[in-house]
Every structure is written in C-alpha cells, then in structure tokens.
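K.L.:
In case you want the letters, here they are:
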Amino acid sequence: MLSLFKSTSGYEMLSKLSSIYGLVSHLKRTFSVTSCTYNETKHSKTKVPKLTKMPPRPKLPENELKEKFIKGGSGHGGQKINKTNSKVQLTHVPTGIVISCQATRSRDQNRKIARQILALKVDQLKNGDKSWKALKGAREKIRKQRAKRKSKAKYRKLREEKEAEMVKQKPDSSTASQADKSMKLLKMIVLYCRQ
Amino acid sequence: MNSSLLNALLKVLPRTQAKRELRWIKNELPEEKWEHAVDQRSHLVPLQYILGNTPFGKLTIKCASGVLIPRWETEEWCMEMKKSLGASLSGKNLLDYCTGTGCIALSIATDSQMKPANVIGTDISNAALSLAEENKSACQPVLSRLGCNITFERCDLRKLEIPKSADGFDFLVSNPPYIPKDKMSVECGVECSVLKYEPRIALVGNLEFYHYLTALLPKIGARGFIFEVGYKQQAEATRRYLPNTWKCGIRYDSAGTIRNVIGWCDPEFDALNGMVREIL
Numbered sequence: 001m002l003s004l005f006k007s008t009s010g011y012e013m014l015s016k017l018s019s020i021y022g023l024v025s026h027l028k029r030t031f032s033v034t035s036c037t038y039n040e041t042k043h044s045k046t047k048v049p050k051l052t053k054m055p056p057r058p059k060l061p062e063n064e065l066k067e068k069f070i071k072g073g074s075g076h077g078g079q080k081i082n083k084t085n086s087k088v089q090l091t092h093v094p095t096g097i098v099i100s101c102q103a104t105r106s107r108d109q110n111r112k113i114a115r116q117i118l119a120l121k122v123d124q125l126k127n128g129d130k131s132w133k134a135l136k137g138a139r140e141k142i143r144k145q146r147a148k149r150k151s152k153a154k155y156r157k158l159r160e161e162k163e164a165e166m167v168k169q170k171p172d173s174s175t176a177s178q179a180d181k182s183m184k185l186l187k188m189i190v191l192y193c194r195q
Numbered sequence: 001m002n003s004s005l006l007n008a009l010l011k012v013l014p015r016t017q018a019k020r021e022l023r024w025i026k027n028e029l030p031e032e033k034w035e036h037a038v039d040q041r042s043h044l045v046p047l048q049y050i051l052g053n054t055p056f057g058k059l060t061i062k063c064a065s066g067v068l069i070p071r072w073e074t075e076e077w078c079m080e081m082k083k084s085l086g087a088s089l090s091g092k093n094l095l096d097y098c099t100g101t102g103c104i105a106l107s108i109a110t111d112s113q114m115k116p117a118n119v120i121g122t123d124i125s126n127a128a129l130s131l132a133e134e135n136k137s138a139c140q141p142v143l144s145r146l147g148c149n150i151t152f153e154r155c156d157l158r159k160l161e162i163p164k165s166a167d168g169f170d171f172l173v174s175n176p177p178y179i180p181k182d183k184m185s186v187e188c189g190v191e192c193s194v195l196k197y198e199p200r201i202a203l204v205g206n207l208e209f210y211h212y213l214t215a216l217l218p219k220i221g222a223r224g225f226i227f228e229v230g231y232k233q234q235a236e237a238t239r240r241y242l243p244n245t246w247k248c249g250i251r252y253d254s255a256g257t258i259r260n261v262i263g264w265c266d267p268e269f270d271a272l273n274g275m276v277r278e279i280l
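Here the protein sequences line up with chains V and P, keeping their order.
Counting with the UniProt record's numbering, you get residues 1 to 195 for the letters of the first sequence.
Counting with the UniProt record's numbering, you get residues 1 to 280 for the letters of the second sequence.
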C-alpha cells in the first residue's frame, strides 16, 4: 500500500485516498442503512434509546460552576432587612452560559432547579441532537406517533368491519341485480328484433 | 381582580417584587385568602407572616407575628457552618441562645452529617418558644430517625441563665438582637416592615449581648462559637471579652457585609478557619 502511494503523484494519491474514503463512507452508509432498517422494524426512524435505556439526566461538576445569590438592595442586611428575594444565578465557567432561577421562595430549591436547567443547556450545546433533552423529545415524539398509529389502526379496523357488514347486507337487496338482468334481457330482445 | 391585586402591591413594592410576591401568594394560599393577603402585604406586613412560613435550608420554618423571621444571611452562615464543621460536632452538645423560631437549632439537629447528641435552643420570649416547639414537631420524623435530642427552654441571657436540659455544651451559636437603639430607624437602613411588625425584643441590642455570650462560654464549657453580628464593633468587642488563648475572626456574607464573629480554643474546631476572612 505504502509503495503504491510512493510511485504515484500527489494528485493520484489524493484521488486514491478519496476513493478509499469513498469506500469507507459507502460502507458506513450501508451500515447505517442496515441499522436504520433494523430500527424501521421497531417503528422508529431515528436512533432513540428505549425508555428504560435512556441515559441519566445530565449533571455538571460543582467545580465548573460559579454561583451568585442576588438579593438586591443596599449594603444593609441582617435583622434590619427582611428580603423575600431568593434568586440564584449560576454560571457554567467553561462555556460561559449564565442562567438565573427564582422559581420558588426556597434558595435551596432554586439552587437545585438552576443546576438542572444549566446542565440541560450545556448538554444541548455539546451534544446537539444526541443531548438528553433532544433524546427525550424524540422519545416523546415516538410515543405520540405510536399512539396516533394505534388509534388510526383502531378506526381503520372499525371502518373495515362496518364496510364488511354493508357488503353482507347487499345480497339481501337483490332488486337492483334483478333490474340489471331484466335490462340486459331487454337489450338482447331489441338486438334480436333488429336482426 | 388580578390587576387590582397587583396594583395594591405596587403601592408599596417595586414591580418585579410585587409580581413575584403575588405569584407566591397565589401558589401558597387558597383563592379566598388572596385578597386579605394582598391587603395585609400592602400595609407592609412581612410576607412570611402572611404565608405562615419561610424556607430555611431544606426546612420550612413556621413564622408568626411576635417572633423574628429567619433571614437569608442566617440561613447562609448556618449552611456554611454545617459544611465546614461537618462531623466534628457529632455526639456533642450544642446550645443555640436566642433561638427565635428555632431555625438554627433545628437546621443543625436535622443535618445527617453533623449528628450532634443534644441541641438546646433557648429564648426569653414565650411566643418564640412555643413556635419553636411547633417547628420541632414538624421535623420530628427526621429528628427521631437521626436520634438527635432537641429541647427548647426559657432562659434570660442578661441573667446568664444556663439551660438545665444538658450538663455542658461543646459549642455555642447565637443570633442575638444587634441593632443599636439609636439605629432603629428607616434612615439608618431598617426596613419599614421590620420596624412596624417584627418584635423589638429580637432586634434591639448591641455590645452587651456579646458580653453576656462570651461570659457564658466558660460557664457552659463551650470551646467554640459562631455569633451573628451587624456591626464590626460588635465583633471587636467579642474579641476583647475573650481570653487570648482563643482564635477569633470575622466572616462576611455573600453581599459583602460583616455578618459573624467566630471563635474557638480547641484545635478540633480548626475547620472554622474556612469561614473566617479576617483574623481579629
């Protein structure tokens, strides 16, 4: 392989490399197609883990976080002031994402919520389509699709049953076919007369 | 109705705060109480008295008129203390003087890492003691699981009364009244709502209380303490009252204001160094 590359010019080498790459990507494609069809049989088009095999909620290490409690107001505090503010501002130092949370009166609670929200945001930025939130969303989509398909199938079945019943009922009303027959007989008679 | 409630709050509160407080009132009270709650709040009654409680760390502490509402600063140093002292208080006795709602005592007693043997909370006010008892019964499941005894007792700090519920104590914490009498005004930064509705007995005080507290230390056998302060001279006075063998320092809160004076004479409590920013 190496000698082959040595004897060829740069351009040729490039084209060979690209053809090898093409083969690899072709293999990849076929592989992904097969894996996709495998998934198709499981009624989903994207690779979404099963509900029981979902990855755990993302978490951030404490040493990557910078926390700030925003109380506002002047320098006075302690017994002099009775604040109801419990805002928590959290910064993810490596990415610089900042969020704040004041969902509840409890600072302890707000700290937990802020950590969850920030972890989801960082995960989304890092993993995009494969982030926990995206996977969760895809899972939910699949669940909805399945429910829709199920209800569709149910109504289709009902409709078919109804139609089958209608067909069954048809032979009872034989007047229509009798009229048909008499019409044909009439036509034949007319033809015969002309001849 | 919604806008009339908000407008009532807007008379006394800034817009974002008014909106936030209205949201909490609606979340935590039944609809028929909204109007009364907003009316009270528009007369500056503290929100915690209206809603009946305040969060304190993991706990929800009951609040009632006549007893000081726990402040976020107190919550903050209490959490920090738990973190830095960790297990060094386990099996020991702790005294919380001027306990009020019992928030500090209960927060320590319900901590699964600290595991003190006995926590005693004392206060001069009977209203505070009965509220502390109520708060204790709300925490009872956790307390019995951890096996921590917590008792509340009436004691007068000015008479240096020592609680009878335990033989001696290893550690003393306190949030005594620390607003000097001449500073009890809106001009000196005291909130109108605090002046009007919170008990003066829990607010007005100065150096004398730190004198009593330090005098109490040898009497109960405590080898470490954390007191909340409002002014630097209170921390400096505490240092003066202490023997030279004690280490002593100041802690600032996250708003950058002086908040605690911390001292210890036993290397067992050297972890307190982590809370101290300025040695006295």
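It is worth saying that the hints were derived from the structure and are not from the lab.
Just so you know, even glycine gets a beta-carbon here, dropped at the ideal spot from N, CA and C.
Any given hint could be a false lead.
[Claimed, not checked] Calculated pairs, DSS-like style, for lysine-lysine (alpha carbon to alpha carbon, straight line, at most 25 Å):
#	chain 1	residue 1	chain 2	residue 2
1	V	K66	P	K58
2	V	K83	P	K62
3	P	K247	P	K82
4	P	K62	V	K59
5	V	K112	V	K87
[Stated by the list, open to error] Cβ pair distances, simulated, as ranges:
#	chain 1	residue 1	chain 2	residue 2	range
6	V	S100	P	E35	38 to 48 Å
7	V	Q89	P	Y252	47 to 57 Å
8	P	S130	V	L51	29 to 39 Å
9	V	K112	P	K11	27 to 37 Å
10	V	K154	P	V142	48 to 58 Å
11	V	K154	P	E35	45 to 55 Å
12	P	G221	V	K59	36 to 46 Å
13	P	V142	V	R149	40 to 50 Å
14	P	V142	V	L51	27 to 37 Å
K.L.:
Now tell me if each hint is right for this structure.
P.N.:
Here is how each hint holds up against the structure:
1. V:K66 x P:K58: Holds: K66 of chain V and K58 of chain P sit about 21 Å apart, inside 25 Å.
2. V:K83 x P:K62: 16 Å, holds
3. P:K247 x P:K82: 19 Å, holds
4. P:K62 x V:K59: Roughly 33 Å separates the two Cα atoms, so the pair is violated.
5. V:K112 x V:K87: Judged against 25 Å, a Cα distance of about 12 Å means the pair holds.
6. V:S100 x P:E35: 38 to 48 Å: 31 Å, violated
7. V:Q89 x P:Y252: 47 to 57 Å: 19 Å, violated
8. P:S130 x V:L51: 29 to 39 Å: This hint is violated: roughly 51 Å between Cβ atoms.
9. V:K112 x P:K11: 27 to 37 Å: 34 Å, holds
10. V:K154 x P:V142: 48 to 58 Å: 50 Å, holds
11. V:K154 x P:E35: 45 to 55 Å: 50 Å, holds
12. P:G221 x V:K59: 36 to 46 Å: With Cβ atoms ~44 Å apart, the hint holds.
13. P:V142 x V:R149: 40 to 50 Å: Once the Cβ atoms are compared, 49 Å apart, the range 40 to 50 Å for R149 of chain V and V142 of chain P holds.
14. P:V142 x V:L51: 27 to 37 Å: About 34 Å separates the Cβ atoms of V142 of chain P and L51 of chain V, which means 27 to 37 Å holds.
Hint compliance for this structure: hints 4, 6, 7 and 8 are broken, all remaining hints hold.
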